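Per our numbering, the sequence shown starts with residue 120, numbered consecutively.
Not one of these hints is a red herring.
Under the rule of at most 27 angstroms between Cα atoms (straight-line distance), these lysine-lysine pairs were calculated in the DSS-like manner:
| id | residue 1 | residue 2 |
| --- | --- | --- |
| 1 | Lys219 | Lys154 |
| 2 | Lys299 | Lys171 |
| 3 | Lys154 | Lys222 |
| 4 | Lys222 | Lys257 |
| 5 | Lys178 | Lys257 |
| 6 | Lys184 | Lys219 |
| 7 | Lys222 | Lys299 |
| 8 | Lys169 | Lys222 |
| 9 | Lys257 | Lys171 |
| 10 | Lys222 | Lys294 |
| 11 | Lys259 | Lys166 |
| 12 | Lys259 | Lys299 |
| 13 | Lys178 | Lys222 |
| 14 | Lys219 | Lys178 |
| 15 | Lys154 | Lys184 |
| 16 | Lys169 | Lys184 |
| 17 | Lys219 | Lys171 |
| 18 | Lys294 | Lys259 |
| 19 | Lys219 | Lys257 |
| 20 | Lys259 | Lys219 |
| 21 | Lys166 | Lys214 |
| 22 | Lys214 | Lys171 |
| 23 | Lys166 | Lys184 |
| 24 | Lys257 | Lys299 |
| 25 | Lys166 | Lys257 |
| 26 | Lys259 | Lys171 |
| 27 | Lys299 | Lys219 |
| 28 | Lys178 | Lys259 |
| 29 | Lys257 | Lys214 |
| 30 | Lys259 | Lys222 |
| 31 | Lys178 | Lys154 |
| 32 | Lys178 | Lys214 |
| 33 | Lys166 | Lys222 |
| 34 | Lys184 | Lys214 |
| 35 | Lys166 | Lys219 |
| 36 | Lys166 | Lys178 |
Derived from the structure by calculation, the hints contain no laboratory data.
From a predicted model like this one, the values you see are computed outputs, not experimental measurements.
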Amino acid sequence: MRLLVYCALLFFPRSSGLCQNHTIGFYTTVEDFGKNRPFHTTSFSLKPRKDKYIPELYKLNPLGKDLLATDFERTCQLAWNGENLFINIGLQRMKRGFVKIEKLGSYVFFIGRPQYYVDWPGSRGWVSQESEPLDTRKSKPYVFDMTLGRIHPLTPSTVERLLEPFPDLLSLYSKDPNWKSLETMGLYIELLNGLLETNSMK
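Can you make the complete structure from the sequences, with help from the hints?
What follows is the structure, given as structure tokens:
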């Protein structure tokens with residue numbers, strides 16, 4: 120089964136064209152990113168933020184003097200430096216900083232921390248997405264929807280929901296003996312990205 124999946128990956132594009140011709144800078148929303156409408160066009164340097172629970176977490180420092188870090192950290196969802204895409208996980212209620220995305224596509228995968236809920240008036244403190252005691256000293260996998268700008272915990276139920284439009288791929292996933300593993304879920308997200316990109320080129 121796993122061999123069939125890996126073979127299928129060879130025939131799908133790797134979503135290399137997602138960011139071609141995009142302007143370097145900061146983007147307020149995924150819609151703005153898709154339409155190449157940056158909030159601010161400036162290059163930036165990267166400074167790793169030490170966090171043993173979130174790999175590839177960075178502080179972005181704009182190289183131009185006309186943009187302050189607070190200007191984009193509180194408003195911009197994405198950043199693009201010509202080579203890599205960065206997601207502002209501070210806006211995702213995790214930790215201050217931008218996480219670098221290794222593989223591009225309609226759905227991108229990254230490791231973060233458990234999300235805080237918005238502190239609604241009248242609530243006492245923060246509660247987790249699952250309404251359980253929150254331990255932010257843990258890591259948690261997520262999928263970020265590059266079309267809608269939504270974030271989903273990377274769980275088998277999320278993968279199944281995303282694969283529903285492609286019954287053959289969903290069937291392969293449900294029969295995979297390692298369907299609950301992080302590696303397998305990431306693999307099928309990559310397959311899904313390949314299918315979506317193939318369909319978009321028809």
